[in-house]
Amino acid sequence: MGTITRAAATGVEVRLEHLRRVFAGVVALDELSLTLAPGELVALLGPSGCGKTTALRLVAGLDEVTSGKVLFGGTDVTTLGANRRDVGMVFQAYSLFPHMTARQNVAFGLQMRRVDEQERKRRADAMLELVGLSGFADRYAHQLSGGQQQRVALARALAIQPKVLLLDEPLSALDAKVRGRLRDEIRRVQLEVGITTLFVTHDQEEALAIADRVGVMNKGRLEQLGPPTTIYTRPATPFVAEFVGLTNRIEGDVKGGEVIVRGTRLPLVRPDTPDGQAVALVRPEAVSLGSDGDAGGDAGGGPLVGTVIAVAFLGATSRVTVDLGDVIVLAQMPTSQASAHPAGSRVRLTLRPDPVLIARDETAAAEA
Amino acid sequence: MTRSRRIRLQALRFVIFALAAAFFLVPIGAMFEFSTRGIGINSARTFSAWAAIPSTPELATAITVSLELALITSLLMLGLLLPTMVWVRLRLPRLNRIVEFICLMPLTVPAIALVVGIKPLYIWISLNFTDSILALSFAYLILVLPYAYRSLDAGLAAIDLKILTEAARSLGAGWGTVMLRVVVPNMPTAILNASLLSASLVLGEYTFANLLNYENLQVAIQYVSLVSAGTSIAVAVASLLFAFVLLMILSFAGGRLQVRSPGQRA
Ligand SMILES: Nc1ncnc2c1ncn2[C@@H]1O[C@H](COP(=O)(O)OP(=O)(O)OP(=O)(O)O)[C@@H](O)[C@H]1O
Ligand SMILES: [Mg+2]
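Going down the list, the protein sequences come from chains B and Y.
When we follow the working numbering, the leftmost residue of the first sequence carries the number 652, and every step to the right adds one.
When we follow the working numbering, the leftmost residue of the second sequence carries the number 390, and every step to the right adds one.
Calculated directly from the structure, the hints in this document are not laboratory data.
Mixed in with the good hints there might be a few duds.
Ranges of calculated distance between the beta carbons of each label pair, as one might list FRET restraints [claimed, not checked]:
(1) Y/L569 - B/A824: 26 to 36 angstroms
(2) Y/F406 - B/K828: 47 to 57 angstroms
(3) Y/I552 - B/L731: 15 to 25 angstroms
(4) B/R764 - Y/N599: 24 to 34 angstroms
(5) Y/F641 - B/R764: 51 to 61 angstroms
(6) B/T726 - Y/I552: 49 to 59 angstroms
(7) Y/E447 - B/L731: 57 to 67 angstroms
We put the CB at the ideal spot given by N, CA and C, even for glycine.
With the rest of the complex left out, here is chain Y:
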């Protein structure tokens, strides 16, 4: 009785997993199939669309720029959010709700509304300071706040922040040292999660870049698709796979770190 139930449960799990996998993989598979088609109907499979990626200068720069944006945004996010959250928890616990509310707000505002609001600012920035695309990272910082906040919040909740910081302070550590030597090493998973979520969000971002007239990866894919559909699809597949890899690192390395952090660390 229980045995057959267990088997049924297993089967159900498998079906759900297979459906979910199909939901994600079929479109990607189809894209991959499309990107490797030859010109004629009967022509052989070819990777020429893929090979064209590095030789399409627009794409190459867009990829670098998007990776840079992802990195800068993650660093900005950590530099801004982590000290703020620690400080609020230790010194201004009453503000905790407000900070949470502010951080989660970007979720409730449609990207298009944000862009319209932020556009004049970016025009001003590009006129007065820099027209570098890297300025986009400030806008992205807002976009990644909710995800990063959630992740860091979970990490901070899991450690006894007050006791650990006070112990470190009384042993002579300044606030910088407390952050780098005590807080960060005790929540590696949360920090990794927050960074990778931010990075994958930035890599897939289109609306902001497009409407603010910057050319990031997704915008470049869009342009290239006008010229060569195969290449643009190839890049899209590549960037999706890259995001997948990031998320895999997140779940696997994250799990490993969690086991390691209290135990095996040199």
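For reference, chain B alone in the conformation it holds in the complex:
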């Protein structure tokens, strides 16, 4: 097993240059440029239909670009057929060959490369061991669970020691628990093998948890590319802010590079936002709660006072829904703090002065 992982441990730089794909007038992918460093795992995140699969298929050579280039390690592979590209791909749907055992599935790509039979078997078994399925080599796909099938598919993709690993929502057909476990397992294997990986998902939690960098896509375009923490805490566009994580929409007043939300001044991610009425996007984690009484004699409470209408227990944290009268605000905090504010209690909200974004429809309306 060690020999395999060592042998493939040299990832290749993967470059997508101005990739464009148009289907009968519909732009599925628009000028996607992205460079993956050797061994890096980049997650492409976006809503359904934003072009993630299209991007992956172009890299794999399963579809033809309208324009743009794909380079592996500096070599242009744009016109190379899928079978000559040396990419390992794990599909969203179950894709094991039903007439072959797990071992035969994993060995298939090696057979295509004319590896001799003994070596094939040895490497297939080693790959199955890598994904934790040593005992399942002789099973057929229909004798494996969904998670096991996807792990065999991963072993199959890795067995050919591909230059690039492409994962198209490999976990979306699985239940939440298996999904979390397998996600971590994919990351472990990817790090162990050191392969450059493009991981497509519409699940923001998955993307943030697994990736070195996350690319958020919208309508065929890459909206933002950066490390998970940056994507989450400093979203570059309102779309990213709203797509990645929950966001409160609270009305405020933009004035001189700040927005005043019910008496609280918050800095703006984009200080050049024009002045005027606007909707600020505030993360639930940036909202904290205090008892209404805490404020003392603040004349019956300021503009950020409301009633708790629900508390959702999420485990270590809880999400509290507060009705401010004209708007509902979500706050997320450690469960121990949330328990002090049961449903029905009056609370005062405090907004942490993180830089916030202004919702795009409102800015568009203001500009018009």
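Please arrange chain Y with the ligands on chain B, whose structure you already have, making use of the hints.
Chain Y with the ligands in isolation, oriented as in the chain B frame:
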């Protein structure tokens, strides 16, 4: 109440089955009876008509030729239809309807009309290329298209063609390998069905061969019947039984393969 209903249903089934069986078996039985009659009214049963089959050279060659035709037609059909259907499904899905229409068309055109249309072509072929009867397989290819298409269509619909071919391609398989190693092994029943249907159709074909002046099995039976009715009937029974056997293989082996293909395969 329900019990008696079930019994009635069983009885009905049995009657229908018996009627259908009689419909097929009585004529064959009668033919068999006829082919084993002796010369005189009171003479004993004899298999001399059957024994004459191999020693009638016309028949022997016709049987071989028809079997060859059946084999060649099946292979041509698979070689032409399977890659076309796969390609259309993967790359040109809009053409699917058109291909289906073309493949089913021979059903709507009477054989006699087809022959009249195709005759000049065959005259030209026999003058310029070959007068071998095996050239008939091209005409037969047209005849078997509808049945083969239906069968292969069902087989392709049952597998996730796009995903399987794409997985194989990304693992390094060329199109030939994809067809032979991935598509074919996943639809053995459909392929067997298509081949056996084609084969039995070819074995029973008379109009084309006769009007295009080729001597296949059915035409030979016709000739032999002029000389020895018993022998011609014997061959007819034999070829019917052979077709039956083919269809039996189709339904039994087909059922077995279906169970086997996802599971037990070395
Ligand atoms: N073969 C095709 N023909 C026409 N349009 C297509 C084709 N494939 C994709 N599209 C269109 O391109 C756009 C992007 O599709 P794509 O499959 O890349 O989305 P996605 O981001 O993978 O979505 P999902 O998360 O639902 O898988 C969609 O609008 C889709 O309708
Ligand atoms: Mg997709």
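Range first: 49 to 59 angstroms. Now tell me if the beta carbons of B/T726 and Y/I552 are that far apart.
violated (28 angstroms)
Is the gap between the beta carbons of Y/E447 and B/L731 within 57 to 67 angstroms?
holds (59 angstroms)
Holds or violated: the 51 to 61 angstroms window for the beta-carbon distance between Y/F641 and B/R764?
The hinted range 51 to 61 angstroms is violated for Y/F641 and B/R764, with Cβ atoms some 39 angstroms apart.
Are B/R764 and Y/N599 spaced within 24 to 34 angstroms by their CB atoms?
violated (54 angstroms)
Given the hint of 47 to 57 angstroms, check if Y/F406 and B/K828 actually sit that far apart at their C-beta atoms.
holds (53 angstroms)
Return holds or violated for the Cβ distance of Y/I552 and B/L731 against the range 15 to 25 angstroms.
At 21 angstroms between Cβs, range holds.
Holds or violated: the 26 to 36 angstroms window for the beta-carbon distance between Y/L569 and B/A824?
holds (29 angstroms)
The structure shown violates the earlier hints numbered 4, 5 and 6.
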